[in-house]
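> This is what each chain is made of:
There are 2 protein chains.
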Amino acid sequence: MKAKLAQLKTLLAEKDDLDKVAALLEWDQQVNMPHDGAEARGNQMGTIQRLAHEKLTSPMVGDLLKELKVHAKSLDPDSDDARFIKVANRDYKTAVKVPGDFVAEFSKITTLSHGVWTAARAEDNFSIFQPSLEKIVDMVRRYAEFFAPYDHVYDPLLDIYEPGMKTSEVQAIFNGLRSEQVALLKTIRNSPQVENDFLYQPYDVQKQWDFGVEVISQYGYDWNRGRQDKSAHPFTTNFSINDVRITTRFLPDFIGSALFSTMHEGGHALYEQGVSQIYERTPLGGGASLAIHESQSRMFENLIGRSQQFWSHFYSRLQEFFPAQLSNVDLDTFYKGINKVEPSLIRVEADEATYNLHVMLRLEIEIALLEGNLEVKDLPEAWNSRMEDYLGVTPPNDAQGVLQDVHWSSGLFGYFSTYALGNLVSAQLWEVMEKDMPAMLEQMSRGEFGEILDWVRTRIHVHGRKYDPQELVQQVTGSKIDPLAYMRYLTSKYSQIYGF
Amino acid sequence: MKAKLAQLKTLLAEKDDLDKVAALLEWDQQVNMPHDGAEARGNQMGTIQRLAHEKLTSPMVGDLLKELKVHAKSLDPDSDDARFIKVANRDYKTAVKVPGDFVAEFSKITTLSHGVWTAARAEDNFSIFQPSLEKIVDMVRRYAEFFAPYDHVYDPLLDIYEPGMKTSEVQAIFNGLRSEQVALLKTIRNSPQVENDFLYQPYDVQKQWDFGVEVISQYGYDWNRGRQDKSAHPFTTNFSINDVRITTRFLPDFIGSALFSTMHEGGHALYEQGVSQIYERTPLGGGASLAIHESQSRMFENLIGRSQQFWSHFYSRLQEFFPAQLSNVDLDTFYKGINKVEPSLIRVEADEATYNLHVMLRLEIEIALLEGNLEVKDLPEAWNSRMEDYLGVTPPNDAQGVLQDVHWSSGLFGYFSTYALGNLVSAQLWEVMEKDMPAMLEQMSRGEFGEILDWVRTRIHVHGRKYDPQELVQQVTGSKIDPLAYMRYLTSKYSQIYGF
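Chains as they are written, first to last, in my numbering: chain R, 1 to 500; chain C, 501 to 1000.
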């Protein structure tokens, strides 16, 4: 049995190599690739992804798993080997349910749709994108059918990003959250407002870069195992636990974008760098789920990076970088400015108080599309009316409305809710951290993050994909994902800033 | 038969994807990869290379080729399809002769040896490297035996880089060349010397970069299909005909290094960018051989880039970039300075008059090692005595002698002579170009390279690997590779510079 386990590990190590190679192809495309290299890159990506899929779904993997699943029953269910078999089996079962032809067709359609969506957004014309999106929704439904029977048609999609999570669970969480978020927003909007004009000035891009590097270095990002580059859309990727890279976008007239996105991607990168080295080249490498990943990025971006303590240490340093812009802005004004709440049209620019509302809107629309209660052609109307309900703003056009996000054109249905769930988890973890580390806030105000990193590392990062996300949250916080901690966090923070 | 050809093309297109992916893994390792990413990268490279080898040597490829070879007899032997079958068959036959186990073992040994060589060179201690090199020479001999019977044990190695070329041919060429090069060097050394101190001053690296970009842009390098980066050792690589990248190393106190290496890599890149688009993802993509490749890089570096005409256009521009360094250096002094001949220890720094002598020395040593007429332990002595004979200099240590080049530690036997052959071919082409394009030198002195690029593009670049190197040279120049044109070029150039 040992030999069979070793054989499976070798096969899946090679599968992991191919996945990592695909990630490098993607990173290079976003960061370096010259314009005309795209067609060849598409072919290379197709070949690598097909080989990876073939490797995972090979009869040999299936046979080994069948035998090893029996063997696993005699193992400690929490041992690495038992979990390795469990996670590998889950990956295998998901992959074999989806025919290779479907994967190829879906990949082709979404590649084409991406271009169509770009054009539709540029021309602010939803009808250009509508036929593509109809095809994608149709294929997404077909994808779900491969996993029938299911409790809810949306479950197989959610499961891609949040293993083990059910649609009904997310709906229950969001139902509890929605009215509270809307009410909090109303309270904030009825309070005296804060200023943040000073964030919108010319800020030298190289200095923005240098300050961001200082911050994430202080967080504990290991530059021997990573690097930073510029790209149109910030992201984190990794080709190994020892090669975890982030990208950042710099706006020359607004410091908020690069500043917080560097911290955000830094949080993702700390997670990947913190996975146990023994999980390298195994299915247990990587993050437990997108929500858990987002809990780390949002923690280092918001709970730490937008806190009073953080800036009581870093603000004077930022002023040294930008004396002309900030010497007349005091710490309190700066702190309030970076936490200004303003209902806005664009999710990626949303503040902490409104962000989740953007996500809920998308989740409801996705579920309605999948259930057949909403047609693609009626999307703009459904979008705009929900924007009015939840945020009190109406998009002046579809480019700033239903066409704003890339996800649907890439076939990423089931993805959005993980952004909000990540926020909730970050606050749940934070409450435990405050109890476990009474000196934590004081350390932050001295620019010390060693104990914080050690805490998330030993409780979250090191485990990689060993535990399901809900299981992991339960294990660390004593409860499943719920919205209470996040609402406590928001209320406490904004009541202080807005004085209510 | 059409269907079988299409099937083979599909299989080899995927093999090409894997080769290109391996090239990206290598490029990223040299240019971007953080230090600790090396181990994972080694695994990924191993997996991709094994899959590429499996793809090429699969029984399906063998069966298709067997049938298509018969079919090819009814085709025009110069048609793309006939040549596709011929080149694919050659690649296949070479690959199947070498067992996969040998490939894996060789890869492992050379990977380890690279580190050993680095240490040996750093410590200037050949005996550290000796055991590794003995193993490599042994494996290289075993490699040759896979191709027995052969005319000469060195033939299978040479054939990797110069398809169809025989050791006896190279020896005949070099035998004719050696005494003439030594004699020319003596004449130059007995003439009044020229100065080049002004090249060794602080030169701002960004400005060096910008000037190099101007030059290769003017040459015709297409930035929509390429990019430049910095790396420890300059090189050119490509992931498609439409994604051809160069790297350059910049020395802050010597302008000669980056200046000419940018032109050199630019020449390689022009070749790859000029291959016919219909050869994309086929075995006919890429350069005909290393010598033909080097003929292009050396042409744009030396015949063009170190010519009077080139600098009569570009020198005033270079002076604008570096007024403090060059305003007091006149064009003639600069031209002579960049062409200064000085026997030196290091091949990569050698001038045009001494470069080939460095190569001959290596070729003779490689052949003697393969023939068994020289033992690895006696290498330093063999090296130093030849340096004295050919160049009149003796290395003060092995780091600047036998340990200077990376090639042997990487198992690259059979490679060196292509550097010298490329020089010879560049001059042979040049003589035809001067006849075909009477206005060529005048165009160069106006900074115009369009007709030159068009000439090499239609006669060399566009054909990719369709023709064997000797066949291609014959076709374009009317004779095989020979040293006469190169000696005429050197004699004419240096007699003018050194006044003999």
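Some clues are possibly wrong.
[As the list claims (entries may be wrong)] Keeping only pairs whose Cα atoms sit at most 30 Å apart, straight-line, the calculated DSSO-like set for lysine-lysine is:
hint: 1; chain 1: C; residue 1: Lys707; chain 2: R; residue 2: Lys230
hint: 2; chain 1: R; residue 1: Lys207; chain 2: R; residue 2: Lys230
hint: 3; chain 1: R; residue 1: Lys108; chain 2: C; residue 2: Lys509
hint: 4; chain 1: R; residue 1: Lys73; chain 2: R; residue 2: Lys493
hint: 5; chain 1: R; residue 1: Lys186; chain 2: R; residue 2: Lys207
hint: 6; chain 1: R; residue 1: Lys86; chain 2: R; residue 2: Lys336
hint: 7; chain 1: R; residue 1: Lys135; chain 2: R; residue 2: Lys9
hint: 8; chain 1: R; residue 1: Lys230; chain 2: R; residue 2: Lys340
hint: 9; chain 1: C; residue 1: Lys608; chain 2: R; residue 2: Lys9
hint: 10; chain 1: R; residue 1: Lys207; chain 2: C; residue 2: Lys730
hint: 11; chain 1: R; residue 1: Lys207; chain 2: C; residue 2: Lys707
hint: 12; chain 1: R; residue 1: Lys2; chain 2: R; residue 2: Lys93
hint: 13; chain 1: C; residue 1: Lys586; chain 2: C; residue 2: Lys573
hint: 14; chain 1: R; residue 1: Lys230; chain 2: C; residue 2: Lys730
hint: 15; chain 1: R; residue 1: Lys2; chain 2: R; residue 2: Lys86
hint: 16; chain 1: C; residue 1: Lys504; chain 2: R; residue 2: Lys108
hint: 17; chain 1: C; residue 1: Lys686; chain 2: C; residue 2: Lys586
hint: 18; chain 1: R; residue 1: Lys2; chain 2: R; residue 2: Lys66
hint: 19; chain 1: R; residue 1: Lys66; chain 2: R; residue 2: Lys9
hint: 20; chain 1: C; residue 1: Lys707; chain 2: C; residue 2: Lys836
hint: 21; chain 1: R; residue 1: Lys340; chain 2: R; residue 2: Lys435
hint: 22; chain 1: C; residue 1: Lys502; chain 2: R; residue 2: Lys108
hint: 23; chain 1: R; residue 1: Lys2; chain 2: C; residue 2: Lys608
hint: 24; chain 1: C; residue 1: Lys597; chain 2: C; residue 2: Lys666
hint: 25; chain 1: R; residue 1: Lys4; chain 2: C; residue 2: Lys573
Hints listed in this document are in silico derivations from the structure and should not be mistaken for laboratory results.
> Take the hints in turn and mark each one as holding or not.
Hint-by-hint comparison with the structure:
1. C:Lys707 - R:Lys230: Between Lys707 of chain C and Lys230 of chain R the Cα gap is close to 22 Å, so the pair holds against 30 Å.
2. R:Lys207 - R:Lys230: Between Lys207 of chain R and Lys230 of chain R the Cα gap is close to 14 Å, so the pair holds against 30 Å.
3. R:Lys108 - C:Lys509: Roughly 21 Å between the alpha carbons, so the hint for Lys108 of chain R and Lys509 of chain C holds.
4. R:Lys73 - R:Lys493: 48 Å, violated
5. R:Lys186 - R:Lys207: 37 Å, violated
6. R:Lys86 - R:Lys336: At roughly 47 Å apart (the allowed maximum being 30 Å), Lys336 of chain R and Lys86 of chain R break the hint.
7. R:Lys135 - R:Lys9: Between Lys135 of chain R and Lys9 of chain R the Cα gap is close to 38 Å, so the pair fails against 30 Å, i.e. violated.
8. R:Lys230 - R:Lys340: 27 Å, holds
9. C:Lys608 - R:Lys9: 21 Å, holds
10. R:Lys207 - C:Lys730: 22 Å, holds
11. R:Lys207 - C:Lys707: Roughly 22 Å separates the two Cα atoms, so the pair holds.
12. R:Lys2 - R:Lys93: 22 Å, holds
13. C:Lys586 - C:Lys573: Given pair Lys586 of chain C, Lys573 of chain C holds - Cα atoms ~11 Å apart, limit 30 Å.
14. R:Lys230 - C:Lys730: Since the Cα atoms of Lys230 of chain R and Lys730 of chain C sit roughly 17 Å apart, the hinted pair holds (cutoff 30 Å).
15. R:Lys2 - R:Lys86: Since the Cα atoms of Lys2 of chain R and Lys86 of chain R sit roughly 16 Å apart, the hinted pair holds (cutoff 30 Å).
16. C:Lys504 - R:Lys108: Holds, because 25 Å separates the two Cα atoms, which is no more than 30 Å.
17. C:Lys686 - C:Lys586: 46 Å, violated
18. R:Lys2 - R:Lys66: At roughly 14 Å apart (the allowed maximum being 30 Å), Lys66 of chain R and Lys2 of chain R satisfy the hint.
19. R:Lys66 - R:Lys9: Status holds; Cα separation ~14 Å.
20. C:Lys707 - C:Lys836: 23 Å, holds
21. R:Lys340 - R:Lys435: 28 Å, holds
22. C:Lys502 - R:Lys108: 26 Å, holds
23. R:Lys2 - C:Lys608: 26 Å, holds
24. C:Lys597 - C:Lys666: 19 Å, holds
25. R:Lys4 - C:Lys573: With a Cα-Cα distance of about 49 Å, the restraint between Lys4 of chain R and Lys573 of chain C is violated, given a limit of 30 Å.
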